[in-house]
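There are 2 protein chains.
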Amino acid sequence: MSSAGPDARADYRDVVSPAEAGRLVRAALARSAGPARPSEAVPLASAAGRVLAAAVVAAEDVPGFKRSTVDGYAVRAPDTFGAGEGAPVLLTVVGRVAMGRAADLRLGPGQTAAVPTGGMLPEPADAVVMVEHTVPAGEDLVEVLRPVAPGENVVRPGEDVARGTEVLPAGRRLGPADLGVLAALGVTEVACHPRPKVAVIPTGDEIVPAGTSRLAPGQVRDITSAAVAAHVTGDGGEPTVFDVVPDNPELLERTLEAAVDRFDLVLALGGSSVGARDNTAAAIDKLGPPGVLFHGLALKPGKPTIFGLAGGRGVPVFGLPGHPVSALVVYRLLVRPALRRLGGELAPGWRTAAEEQGTALEAFLPARLTTAVSSDQGRDEYLCVRLVWSDGRLWAEPVHGKSGLITMLARADGLVRIPAGRRGLDAGENVEVVLL
Amino acid sequence: MSSAGPDARADYRDVVSPAEAGRLVRAALARSAGPARPSEAVPLASAAGRVLAAAVVAAEDVPGFKRSTVDGYAVRAPDTFGAGEGAPVLLTVVGRVAMGRAADLRLGPGQTAAVPTGGMLPEPADAVVMVEHTVPAGEDLVEVLRPVAPGENVVRPGEDVARGTEVLPAGRRLGPADLGVLAALGVTEVACHPRPKVAVIPTGDEIVPAGTSRLAPGQVRDITSAAVAAHVTGDGGEPTVFDVVPDNPELLERTLEAAVDRFDLVLALGGSSVGARDNTAAAIDKLGPPGVLFHGLALKPGKPTIFGLAGGRGVPVFGLPGHPVSALVVYRLLVRPALRRLGGELAPGWRTAAEEQGTALEAFLPARLTTAVSSDQGRDEYLCVRLVWSDGRLWAEPVHGKSGLITMLARADGLVRIPAGRRGLDAGENVEVVLL
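Sequence order for the protein chains is F and L. Each residue of the first sequence is one higher than the last, beginning at 1 in the working numbering. Each residue of the second sequence is one higher than the last, beginning at 1001 in the working numbering.
The hints are simulated quantities; they were obtained by calculation from the structure and are not laboratory data. You may find that some hints are simply not true.
Examples of chain F residues lying across from chain L (beta carbon under 7 Å, computed) [claimed, not checked]:
{"#": "1", "residue": "LEU29"}
{"#": "2", "residue": "VAL42"}
{"#": "3", "residue": "SER46"}
{"#": "4", "residue": "PHE81"}
{"#": "5", "residue": "MET120"}
{"#": "6", "residue": "MET130"}
{"#": "7", "residue": "PRO157"}
{"#": "8", "residue": "ALA191"}
{"#": "9", "residue": "PRO194"}
{"#": "10", "residue": "ALA210"}
{"#": "11", "residue": "ALA230"}
{"#": "12", "residue": "LEU346"}
{"#": "13", "residue": "GLU356"}
To give an idea of the interface, some chain L residues facing chain F are shown, with a C-beta separation under 8 Å as derived from the structure [said to hold, decoys possible]:
{"#": "14", "residue": "VAL1015"}
{"#": "15", "residue": "VAL1016"}
{"#": "16", "residue": "VAL1042"}
{"#": "17", "residue": "LEU1090"}
{"#": "18", "residue": "GLY1164"}
{"#": "19", "residue": "THR1212"}
{"#": "20", "residue": "THR1224"}
{"#": "21", "residue": "ASP1285"}
{"#": "22", "residue": "GLY1288"}
{"#": "23", "residue": "PHE1364"}
{"#": "24", "residue": "ASP1391"}
{"#": "25", "residue": "VAL1399"}
{"#": "26", "residue": "ASP1413"}
{"#": "27", "residue": "ALA1420"}
Derived DEER-like restraints, expressed as beta-carbon distance ranges [to be verified]:
{"#": "28", "chain 1": "F", "residue 1": "GLN357", "chain 2": "L", "residue 2": "GLU1166", "range": "52 to 58 Å"}
{"#": "29", "chain 1": "F", "residue 1": "GLU40", "chain 2": "L", "residue 2": "ALA1191", "range": "46 to 52 Å"}
{"#": "30", "chain 1": "L", "residue 1": "GLU1139", "chain 2": "F", "residue 2": "PRO289", "range": "56 to 62 Å"}
{"#": "31", "chain 1": "L", "residue 1": "GLU1166", "chain 2": "F", "residue 2": "GLY312", "range": "28 to 34 Å"}
{"#": "32", "chain 1": "L", "residue 1": "GLU1238", "chain 2": "F", "residue 2": "GLY234", "range": "16 to 22 Å"}
{"#": "33", "chain 1": "F", "residue 1": "THR92", "chain 2": "L", "residue 2": "ASP1243", "range": "36 to 42 Å"}
{"#": "34", "chain 1": "L", "residue 1": "GLU1356", "chain 2": "F", "residue 2": "GLY151", "range": "32 to 38 Å"}
Cβ atoms here follow ideal geometry from the backbone N, Cα and C, with glycine treated the same way.
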């Protein structure tokens, strides 16, 4: 541990704004060699959340046949021209198409066949009259009350997806709807990027493993590793939680050196002391170049954040703040996008375009603040809030407390950003709550 | 399959609004016997996303010792009274507390000890002077420039969490921060509700399994099961996808009968035909009472939705629309909250209070609509949109198309709700986009 004398309170070396930090991280990732592991073949049933290593191209037309979009009668459109309520066209019903079967009949002039929604049109039918626009007229006859244009109520072969079309791009993180798309195309297995391996390294003389049943005086259990590891898994990474590293510069350097050799991303979790933070920065620098790229974030909470590239492959290393709430705020803001990029995800265009202009797009719930809060003008601040429904609307109640380690984690439902330049927020003010 | 004649177009029996449907589902779940399986002991590392079966109560005080929140000097507060820049108080430094260790010294009057952030205070110190407010004054002496009040810069034992406090309530779905809370308390294993078992039953004469490599004319692969199963997993359920059931009333009834015996929730996925839908409703009724509780939703897309309770235990059964986009809209709106409730989750108070007043709270991104869209006034409508970043803001572009099965699934980024009563939305109008 560091001494508590004034000399120990090292200044943060290169304090940057969160937007600038985001740019530095993105630029560093573009420069870093990154993982060179081959893609994996993943069966569809376990592909949710995985990232496509190659675009998926349709190997066949969808649909593969002329398909009705309504319950009705398949017709040659010209046969219905001129039909009206007062002047119905009489057609001969020569059959009925069974659902899921080939339409094993042919229509001659003036002939029609009943067809269900989703059913195949017999040749040479090119349109379907909705059943609502027909009247049965004795055995095997039907009156058509409205004309249909060619193609009406029909999906042509390949109209949904034509063979050869790129349906899902490389870099797409597969959601439930994407699995439906793959199923529709008969794809049973997809090439996916390997999950990034993430080292989660708790540090600090006072930190003992979470599983420690009885604490000695002065000890604190490792809170942050469990929370960060759960986030890493949720964001598509494979976390490995290391043994706690004491505040010993050589030991930390050796641990980081081994980690950047075997992992794609390294997260060093700070203890409470200033010394631990300095050790992390020094170790990253020794393992460079380039070493530390920024040291200190103009963000509250989250100031004691470090980022750099280390090891021969230029593996990204974050030093996260010791306070668990701070660590989780910085995780969301900087680590999550970095991890997703390391996993091969190419964010959709709207998201990257917004990011490049410094706008983070996060879905939020609008609420009103219950009480005024003050804030530093000089930096962005994130306020932990608890949500309350009252008087028919949503309220955000600030969760404070110096003692906040656990209470804040357990009570906060979301975060409200107070931009740099504002002195605080007013009671009753409309705020945007990003859910935790 | 049903005939395509007018008689086959059965009216929806009991069309309800989405809000009324939500109330009916919630009331039915409260009435249903539900799963009576015992809770499971889940290790912390795999508890993310699981639901607590019992409240977690702190077994110890946190912190367990008087803890400094700053780097500085532990003092008996009265020793600093009267200190000022011009009149510093001189204290004798009798030691230094090591991080993570017991403070193995005692302060006499006029004595102090250096203590790091997070370090333990020696007895009988009751406050810490920040290092910034001190000046070293030769060996073993320090000048204090400001007084501190008792308790200043100190977290008392139990101040964060007192022993016996309920820290996390039963019914809480554990997020990453909650795992941190459990780790802090030394909890290594928690009692969780079992995951609900969900039967996913594709139906329809035209539907063939997703794995089918070559389609015969008239056939369509099962798109919806893969998408729904992925959602079920994400919402904490254990999906089992059944073999496709053809449009045969007896077969469907037998399948549902077996499913309600072994599963906690049954999702019957409609084919394209009206007949399949009617079969589902008839089977649920036969397996009641109460059988079908509503049949038809005043919602676009999503009208052909059925809900009821079936089997001796009153297992909830949804009949979902055959169109995959419709099925996914209804899943989000009705199935997801039902599944989460079946998993034992008690939504936070703000969410349930809002739900009871008919307000669904979903986080959204604000965007502008690129083009005007029209809609039915009589029912809620959900518009699939693609997001585009342009001119420094987010735009929502409607994704249309009768052919929409796959294209819509692959292209839509989110949904925009057009409330019943509106004739449509204007070009340039501000909309709330819920991400898919």
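Inset, instruction - List, from low to high, the hint numbers that the structure doesn't satisfy. - result: 1, 2, 3, 4, 6, 7, 8, 9, 12, 13, 14, 15, 16, 17, 18, 21, 22, 24, 25, 27, 28, 29, 30, 31 and 34
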